[in-house]
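Chemist: Now for the letters of each chain:
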Amino acid sequence: QQQVKQSPQSLIVQKGGISIINCAYENTAFDYFPWYQQFPGKGPALLIAIRPDVSEKKEGRFTISFNKSAKQFSLHIMDSQPGDSATYFCAARDFFGNEKLTFGTGTRLTIIP
Amino acid sequence: EAQVTQNPRYLITVTGKKLTVTCSQNMNHEYMSWYRQDPGLGLRQIYYSMNVEVTDKGDVPEGYKVSRKEKRNFPLILESPSPNQTSLYFCASSLRVTGELFFGEGSRLTVL
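Protein chains in written order, with my numbering: chain A, 1 to 113; chain B, 1 to 112.
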């Protein structure tokens with residue numbers, strides 16, 4: 001049972017463009033929604049996170065948009081750069097479910113010149 | 001430097017030969033967890049530990065064991081590895097309050 005659905009599986013964006021990755025969830029007990037970035041040969045690292053009491057969070061070129069009623073959240077990367085090429089995972093935490101982080105299936109993002 | 005250290009990073013073994021993947025963190029985190037990463041399936045939790053001597057199953061625990069005798073260490077044990085356990089394994093830790101998971105660099109395991 002996949003509790004966090006992520007799309008697309010892969011994404012190619014031109015340098016300077018906007019990259020958008022979407023996630024949807026079902027469990028209304030989720031209370032924390034992070035995005036992780038993973039480069040080849042490395043472990044995932046926290047990129048940005050949001051809690052459900054806000055609809056948007058921005059950190060530099062990275063923005064999370066959160067729609068609580070639709071149970072969806074998305075990552076927007078503005079002015080995408082080749083250095084942003086990586087795999088991105090959305091995740092959600094169920095605080096009352098032993099604080100487990102459930103991950104989406106990942107999006108491989110490639111930024112082309 | 002704050003880090004999660006896994007060993008070995010790469011391992012090729014044969015079916016049935018017991019192996020242990022070690023994990024150690026130097027951040028005094030209460031929470032530790034093991035994930036496996038497979039193409040198209042993302043990161044799936046194997047086991048987790050809320051604190052010393054407290055462990056529980058994640059989503060895919062079959063064929064694995066863990067122990068948490070010390071706060072910093074959380075080894076993953078494959079008693080009788082099978083080819084379907086060929087995967088990339090990640091150990092992670094966090095402070096329970098923040099929820100931010102810190103991952104190790106991964107251990108790529110191949111079971112022949």
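Since the hints were derived computationally from the structure, they do not count as laboratory data. These figures come from a predicted structure and were not determined experimentally. Hints are not guaranteed to be accurate.
To be verified - Each computed DSS-like pair below joins lysine-lysine, with the alpha-carbon atoms no more than 30 Å apart:
no. : chain 1 : residue 1 : chain 2 : residue 2
1   : A       : K42       : B       : K17
2   : A       : K100      : B       : K57
3   : B       : K69       : B       : K57
Said to hold, decoys possible - Covered stretches of chain A, as calculated for chain B (at least 3 residues, CB under 8 Å):
no. : stretch
4   : 38-48
5   : 76-86
Quick reminder that beta carbons are idealized off the backbone N, C-alpha and C, glycines included.
Chemist: Hint by hint, note whether the structure agrees.
Modeler: Here is what the structure says about each hint:
1. K42(A) / K17(B): OK: K42(A) and K17(B) at ~27 Å, within 30 Å.
2. K100(A) / K57(B): 11 Å, holds
3. K69(B) / K57(B): Distance of about 17 Å is within 30 Å: holds.
4. 38-48: As far as the stretch 38-48 of chain A goes, the hint holds, because 6 residues have Cβ atoms under 8 Å from chain B.
5. 76-86: It is violated, with 0 qualifying residues against the three required.
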